[in-house]
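**Student:** Single-letter residue listing:
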Amino acid sequence: MELPTGFLEKAEKREKKHWFFPISFKRKSTSGYAYTNTRVRVMKTKLLGKNDFRKMMNMSFSEIARYMQETEYSKEISELATRYTNANLIEYSLNKNLENTFNRILAFSMKASEEQVKLYLKKFDILNAKTFLRGRFSGQGEEAIISQFICAGSLGRKFFENAVKKSSNLDEAIMQLKGTEYFDIAKKFNGNLSKIEDALDKHYYRDVLEKAEPELVAFLMDEIKVKNTLNLLRAKKTGIKMEKIENESETKLALPKTDDGIENRVFLKKFLLERGNKMAREFKRNVRPVLGYLIAKENEISNIRIIVRGKSSNLPAGLIEEQLVI
Amino acid sequence: MVADVAGAINSGLIAIGAAIAIAGAAIAAAWAEKEIGTAAVGAMAEKPELFVSGLILTVIPETIVIFGLVIAYLIVQIAA
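Read top to bottom, the protein sequences are chains D and F. Its first residue numbered 1476, the first sequence is counted upward by one per residue in the working numbering. Its first residue numbered 549, the second sequence is counted upward by one per residue in the working numbering.
Derived from the structure by calculation, the hints contain no laboratory data. Wrong hints could be hidden among the right ones.
What the hints assert, rightly or not - Distance condition first, Cα-Cα at most 16 Å in a straight line; then the derived EDC-like pairs of lysine to aspartate or glutamate:
hint, chain 1, residue 1, chain 2, residue 2
1, D, Lys-1702, D, Asp-1673
2, D, Lys-1521, F, Glu-583
3, F, Lys-595, D, Glu-1547
4, D, Lys-1759, F, Glu-583
5, D, Lys-1519, F, Glu-594
Stated by the list, open to error - Examples of chain D residues lying across from chain F (beta carbon under 10 Å, computed):
hint, residue
6, Thr-1513
7, Arg-1516
8, Lys-1744
Don't be surprised by glycine CBs; every beta carbon is placed ideally from N, CA and C.
For reference, chain D alone in the conformation it holds in the complex:
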């Protein structure tokens, strides 16, 4: 995806205040940020640290589940313990916890902060729509598709569960998206899944960049750069020539290694995480501290997932640790 241009300038122009009357009427009141940002900053102190991940590396699945029960994951682990065991229990409770946490943030954020968080969390609508379409395309079972949903966006769990139940193939799945903004996009490509997924991603970024505050726009630009660089790495691995994009240095980040190694992926994730940590420490009336927390939380979940998946496929501890972003 080419780097969208002009959005940052547009967002800054939208926010521009009058020289005499320094209040922007186009933006909602910023007083909600003091509450939301501090609450989120406290939530960030409860995230798992380096030592927790190292301890988990030496535990069995049941021990990890028990360990997680003593942390912020206790509700989800107890809820799902009757239905799942071992790696599945941890995996599903991670998804559920992410969904619950992000919905909670959305519930307590207010005014301008709510608007911006909602915009960012829209990415889960896209993610769910892609999971749904991909699941129906590859013929996965209902239960398998439903368990992968993270319903933290504006389309609720009910919508996606109904859509899964009422469809059996990709065409029917696309029809189930009727009434949402994604229907027209999905319909355009005559069942070409990779093109639909690409178009959905582009639609998300264009839409959000159009409406977001400059701070969110700047962060999304970084996220696009990371995604572009990851895509380039993948393309290189599969042997696709992408000279045109590669020449545009604006669209990608400088990597520590030239080959597609784990180091590069960890470097890219660390780049975003460090940005997030920096943003979470800021004391400003904007959405950056919340974004910082959202990134850190997603990273925590991804780290636990790496440990669990690595353990279930019997990877050596050194290799698992290499992939952790801490």
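Since the structure of chain D is provided, determine the placement of chain F on it from the hints.
**Tutor:** Same frame as chain D, but now just chain F:
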């Protein structure tokens, strides 16, 4: 008659000066307390044990009003 009017205007201006001193300080304190208070409530919602420190931090800007009060008192005293 003229002296009476001038005296009344003088004391009126003194009172307005004192009022501005305390009103400015009070508005500033209220603004600061609003920001700190909402942040403290946010922190308390996640960690109830932060109640005492949250409460103390919330009332600290109240000292600004005391400065306002002192200035207002000095204006009235010096003018008198």
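**Student:** Check each numbered hint from earlier against the structure, then list the numbers of those it violates in ascending order.
**Tutor:** Structure breaks hints 2, 8.
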